[in-house]
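Peer 1: We have chain A; now place chain B onto it with these hints.
So the sequence lines, in the order shown, correspond to chains A and B. According to this note's numbering, the first sequence is numbered sequentially starting from 489. According to this note's numbering, the second sequence is numbered sequentially starting from 3.
Just so you know, the hints here were simulated from the structure itself, not pulled from any lab data. Be a bit skeptical, because a hint or two may be false.
[To be verified] In silico DSS-like links for lysine-lysine, alpha-carbon gap of 27 Å or less: (1) A:K677 / B:K135; (2) B:K135 / A:K629; (3) B:K110 / A:K693; (4) B:K135 / A:K700; (5) A:K653 / A:K629; (6) A:K516 / A:K836.
One-letter residues, chain by chain:
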Amino acid sequence: MNKPPFAACAIGLSLGLAAGAACAAPIKIAVIESLSGPQAATGLIYRNAARYGVEKINAAGGWNGEPLQLVEYDNQGGPTGAADKLKAAIADGVQMVVQGASSAIAGQITDDIRKHNMRNPGKELVFFNMGAEAQELTGDKCQFYHFRFAANSQVRTKTLVLAMKQANVLGTRVYSINQNYSWGQDMEKAIVENAGLGGYTVVEKTLHDVNKIQDFAPYVAKISAAKADSVLTGNWSNDLLLLMKAAKSAGLTTRFGTVYLDQPGNLANAGDLAVGHYVAQTFNAEAGGAAADEFVADYKAKTGHVPVFVEAHTAFGLAMVGDALKRVKPENGALNVKTFAAALETTKIKTPMGELSMRAADHQALLPIVVSSVTKDAKAKVDGTDMGFKPARLFTADEAAAPAQASCRMQRPS
Amino acid sequence: MKRNSLFLLLAGVALLVAVPWLLSQGLVNAAIQMLIAALFACAYNLLCGQGGMLSFGHAAYFGVGAFATVHAMNALGGTGLLPTPLLPLAGAVGGLCFGTVAGYFATKRSGTYFAMITLAIAELVHSLAPHLKDVFGGEAGVSSTRMPAWGLGFGSTNEVYYLTLAWVLVSLAALFLFTRTPLGRLVLGLRENAHRLRFLGYDTHRLSVIVFAVSAMFSGLAGGLQVMNNESANYAVFDPSLSAAVVLNTYIGGVKVFLGPALGAALMTFFGYAVSDLTQSWLLYQGTLFVLVMMFMPTGLAGLFGLFGQLRRRFGLAALMPLVLLSLGAALALSMGGAFVIETLQRVFSQDYRALAAAQGSAAWPPITLVGRAWSPTAPGTWLVPAGLLAVGACLAWLARWRLRTLESQERTPEATAATATSPDTQRSAA
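Okay, chain A solo, but in the shape it has when bound (with noise of 0.2 Å):
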């Protein structure tokens, strides 16, 4: 009660009057993951990086002198249950969504708020892709009110050539080994696209079924008779992990070019036979010096464990929205969606790993990729194991980025 026009604002505001416009409304922010069932894991680590970036940003005084609400929604692990949890989000007020476990989702979420927003004039919404690195969502289906902070298989695969190749790893006959569904596609798209780039031929190119192979020793046995020098794979999970003990069971000695190696708990499961691989990864303390010493310190106070996998990259992308909050005067004591996405696009903040900016034409972010190597002399164990990752190399954001999609044709509001 000691705030009175504050009661006045909610009263007024839960009676559905126009008197909300004239109080200063905090944001909402709303995470939307699969919190239960199968998918948690991922989701969860989501949440716990949302909860460290929205923390930061109200340290920081959070905006017009109101911290940031952050309230959770759980998709209960499919787009249907994603965007009931949306509606829901729209009906409780809610401004902004941060979600990345999941293409499907992220893809059911963008269309929903494209469409939300332009039913709704004046009350918008904007979306945050913290990891849904599906190409479409910033080809085909990219708009201005869809933001990716996440990597993709473009930015992936070029970074890690790169890498394997200035290492002397890469060899000159690679073999792409994908899951058949979009992202592997995408994938095995890069691994051709990025031959010049890297000075080797494509020996063959294989997309298997996803999450249901039990013994990849036919796959190997094609590696191996296709003589391949390195195999690049944008495969995760069990699919990557019975892939490479496959190889091993089968003394290939061939190296792998990963993407998702950085998964917690990918490394205790591999054990000793990760060592030697590569991945492209958004986030290596040991890259960052003494900035990323200090960001490992602090993410690890505020939450209990140091940040992997997706989590550095998607408290940075917090950050860029502090950032740009920071730009955005209040109309009539709230935010203005629309005014706050056009600030975010030319957002540009430091973090640990470099620069990282926001690329207007399609809302992709222009982000630092590290590419590192499973080694036993890395700094910071990873999973209890002796073992870690290793930088081989840290790309800045503009050495790493890829160009824009051609069918990106994004409808900015007037």
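Peer 2: Below, chain B alone, put in the same frame as chain A:
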């Protein structure tokens, strides 16, 4: 009785029509999901409950209907032959066509083999869909937009709600009337004794295919309605979890009563909607509920109403009230105690809590917050609360049982004498 049910039905429909005035936008959207789940469960029940054919792959027909609708929506733009409100028909046609083909093969066998074939067909579609990016849109799915038609914009949730409600009511009525036709009666015969039906000269295979196709048609319609609501379709709809959910919903609701599956589906959908944001363990509760229903109420939740009516006729409402109250109290206390234990354990074993405990360093177990209070996991008082609730629940359950026994024995004494006086046997022997 007949007039009573009609009155109840009209009251229910009136309540459904009034939903947008009574509930917030978020809940109206939940109501749309509940209606769609209810239609899907009733369509499934035609095959499973009435036809006695347990299908484990109904997500396939739901999904085919969904994609048929989304492609029709994109191709026609809500104009021409199929304006926006009629688009779910595309889903129905899709479900019907696919259901006829799949049903032809599946119904060649019965029992476990039938279930396996439906499972295989669903899995075939499920693993095929991610590969066909042109048809199923890849990971990001196919999206579309509801176009204005018939003077309506179809932009707001309320308009979508009424569209869904109209389709669901018409479909449920059609499904109900189907059970009243001679063909619908034969479906029950199919469940009870297919051999006998064949000896009577009926073509049971053709009959099964028709039932299968009709069930798939309404499943496809439900899928189409979901596309109308979400304006997109993703191959995730082919996930086996959707096939499992419809089986669970149908059985929790009760397969013997026509609206039983609708009740189960609506309740479980709302449960998922409301509880998933409160706790991560909602899937555990859902599974526990299913097991309990199967163990103690094989007739499902709808069976409870039947049981209540039966007991009321036997003992009268006044004598029954203590029993009802005792049972409700027992259920409440047991579920509260159980939920308390599960929630506490879930919090103690969660990653956040372990991180917090590790951050505090010493062997201390920091308190956890539950129902607005802090509880220390090591204090005996914390565990006395659920233990007490469970004990009270068990006591009440025992009392309820005792009450039922007393009622039954009271009934037997006076009725036994009455029965001997009027039973036909005694009359015959007297004659």
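Peer 1: Each of the hints needs a verdict: does it hold here or not?
Peer 2: Now for the hints, and whether the structure bears them out:
no.: 1; hint: A:K677 / B:K135; result: holds (15 Å)
no.: 2; hint: B:K135 / A:K629; result: holds (15 Å)
no.: 3; hint: B:K110 / A:K693; result: violated (41 Å)
no.: 4; hint: B:K135 / A:K700; result: holds (19 Å)
no.: 5; hint: A:K653 / A:K629; result: violated (33 Å)
no.: 6; hint: A:K516 / A:K836; result: holds (23 Å)
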